[in-house]
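Enquirer: So the chains spell out like this:
Number of protein chains: 2
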Amino acid sequence: MGHAAIVGIGHSRFGRAPDKQLHELAWQAIRQALQDAGVTQRDIQFLVVGNAGGWSSELLPAVVVGEYAGLTPVGSMRVEAACASGSAALRAAATAVESGKADIALAVGVEKMTESTTMQIVEMIGRAGSFFWEFEHFGLTFPGYYAMYATAYMHEYRAKEEDLAAVAVKNHYYASLNPYAHFQKQITIEDVMKSRYVAWPLKLYDCSPQTDGAAAVVVASEEMAKKLTDTPIWIRAQGVATGTANLSKRDNFLSLEPAVLAAEQAYKQVGIERSQSYKYFDVAEVHDCFTIAEIIAYEDLGFVERGQGYALAREGETYKGGRIPVNLDGGLKAKGHPIAATGVSMAVELTKQLRQQNPESRQADIKKGLAVAHNIGGTGHYAYVTIFSLNKDVRFT
Amino acid sequence: MGHAAIVGIGHSRFGRAPDKQLHELAWQAIRQALQDAGVTQRDIQFLVVGNAGGWSSELLPAVVVGEYAGLTPVGSMRVEAACASGSAALRAAATAVESGKADIALAVGVEKMTESTTMQIVEMIGRAGSFFWEFEHFGLTFPGYYAMYATAYMHEYRAKEEDLAAVAVKNHYYASLNPYAHFQKQITIEDVMKSRYVAWPLKLYDCSPQTDGAAAVVVASEEMAKKLTDTPIWIRAQGVATGTANLSKRDNFLSLEPAVLAAEQAYKQVGIERSQSYKYFDVAEVHDCFTIAEIIAYEDLGFVERGQGYALAREGETYKGGRIPVNLDGGLKAKGHPIAATGVSMAVELTKQLRQQNPESRQADIKKGLAVAHNIGGTGHYAYVTIFSLNKDVRFT
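Protein sequence lines, in the order shown, are assigned to chains A and B. Position 234 of the first sequence, counting from 1, maps to 234 under UniProt numbering, and the rest follow consecutively. Position 268 of the second sequence, counting from 1, maps to 268 under UniProt numbering, and the rest follow consecutively.
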């Protein structure tokens, strides 16, 4: 099996983009990624487009993106894994390279959500469970799914709404330092607590917004990566697992089991001990579609013991300089969450972190050369955990 | 790079399945494929679901299929490449194996089209070009796209409507021998000629139907394949290319350029000379969404010179025993075309052909141990050409 590295990154501004179509958003990210890699469209041998779709009119986004980006006749496919579609696209591009089918591949994640109304989006994302059973019969929406997790978590561990709010405050703070983020303003615990309930105990400021945006990465083989850059960022390991479509079949609502499984798979490939995992990473990106999701992610990734995730948030240990810095780009919560762009955006951010290209205010100290991305689809329906490294062969025993 | 082989196949009956949901159709195929491979759900390490969707209510089909098939928590993703989604799923499963990420992967293609009305399907498939430009502004539907190719072809080469009809007659003949096919009746040239025009010169009997169905294959690494079966069918080579989203940007309407490119890529990997390609294969599956598409496929694959494809059809040279037998399962035209199931169905059929498991009436003579599948998405928006072999290392120089 060959190795694959990120050698170029691109990112559109996240936010509402009523003046741009899906392929225009994608091109913003692709153009940057090609330039950053020092390659042209002719060098790309495979294109993977992550797009969940449904809210925009383009039913077959990959060919439209490909043509607009000048990539035709490069072979392509679209991949979808709900909100983890971006990580699935990264995986498909990486395996194309690792299998020897391509020397250079391009993964792009793009979503034009605001083409639909909020109610349409609520309806569509609500189907991210089992449409025929839980959505159709019980009418649960997506905030409702995560509210069940928040309720169970708060009951079990005596966490407070203010603890959830601390995640939103941190992520808005870092978004205010990130010009690509949807939200540019800092908020306070009080702001969160005063915001209206969406699904108790989750309030408006506990929720990620509806966002348009795109992110892209150029992925290259070992031989090609070494020609193109002095600092390839290796896609060192990836774990992937799924949860039941029906939430009623879950054992508990304190953990997303597939995230634990995906992390274990990835950690095993690098020799990382889960109970001490925070010691291995300089920085992490986790899937904070709701504030409770970030807290549970801390625990599912082994950054802290079960029931202690909210304390990590409360004590500021996931800010820069803390035990493990998380979402220094603002996270889904405040950078925005254009569904399929998110996983690729995580890869872009961690590449910048490992390259030490961020402004100091939101640049992690890079001492270990290792970073982890945790990308969830639905309510733990999909989990992709990806480890990025400066050292191709890094392995602990 | 490792090798990947098909070690298990499954196929639902194609047709209208008002009593079955998407995941039930998928399970019919998956269950057979697991049994045929002699494995259980626990052996599957990665699941790829090909599904174009849009016409059925399940927006996130892969997790629902995974749960229903007892595959949770196996990691998964959905892939889409329009009508070539099945070949894209096969590719994603094969690269997972070839890259060393999985020892055994499962690719399933499934579509529940008849949940929507014909007009809804016409509207959605019409978007298989560029929605914002050609579909929205000119109102072209999918038969209209291919009618432009048929018109250009007939004008350039003096082919007749009866020549197109010959393809439909052949494919209905073989469908009548295939219990999994949507249509079970033979038809005559006169039947085709008397059927009503959909988009001149294409008549109803020139068109593939709206079909529900699923197909599945178990893909294994070399080591695992040799443990599981005496006759692994190797996924020897695959080419993939794309065409412009907008048909107005095409150079001509006599050929699907990406099919030529994809074939060249695949042929190069095996050392096949394009101008003599029919000599290398025992049997082929080609994408006959409309009769004209099969004729152009003969030429794009190099089975015959440009402008001679219709003669091949007229002279019966693509029946069993002819120059190159094509679509001995009935093809899209008569077996049916449940969009994402089609590419996987082609892999299932060619596996059966190479294993010599078909009834004699539609079993090709297997002398060379090589077969080719040509799967198109949209109107040449995607092209996937896959070569299957009995000999893992077969290569011509």
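Careful, some of the hints might be misleading.
The list treats identical chains as one, so a pair stands whether inside a single copy or across any two.
Think about it this way: if two alpha-carbon atoms lie no more than 25 Å apart in a straight line, the pair counts; the simulated DMTMM-like pairs of lysine to aspartate or glutamate are [what the hints assert, rightly or not]:
#1 K227 x E123
#2 K20 x E67
#3 K268 x D393
#4 K20 x E123
These aren't lab readings, by the way, just hints derived from the structure by calculation.
Enquirer: Between copies, within a copy, both or neither: which fits K20 and E123 at Cα up to 25 Å?
Expert: The answer is both: 23 Å in one copy and 24 Å across copies each meet 25 Å.
Enquirer: Can you tell me if K20 and E67 fall within 25 Å by alpha carbon in one copy, between copies, both or neither?
Expert: Intra 16 Å, inter 37 Å, cutoff 25 Å: intra-copy only.
Enquirer: Quick one: K268 to D393, C-alpha cut-off 25 Å, is that within a copy, between copies, both, or neither?
Expert: For K268 and D393, the Cα distance is within 25 Å only inside one copy (14 Å; across copies 33 Å).
Enquirer: Between K227 and E123, at a C-alpha cutoff of 25 Å, which is it: within one copy, between copies, both, or neither?
Expert: Answer is neither: 47 Å inside a copy and 47 Å across each miss the 25 Å cutoff.
Taken one by one, the earlier hints fail for this structure only at number 1.
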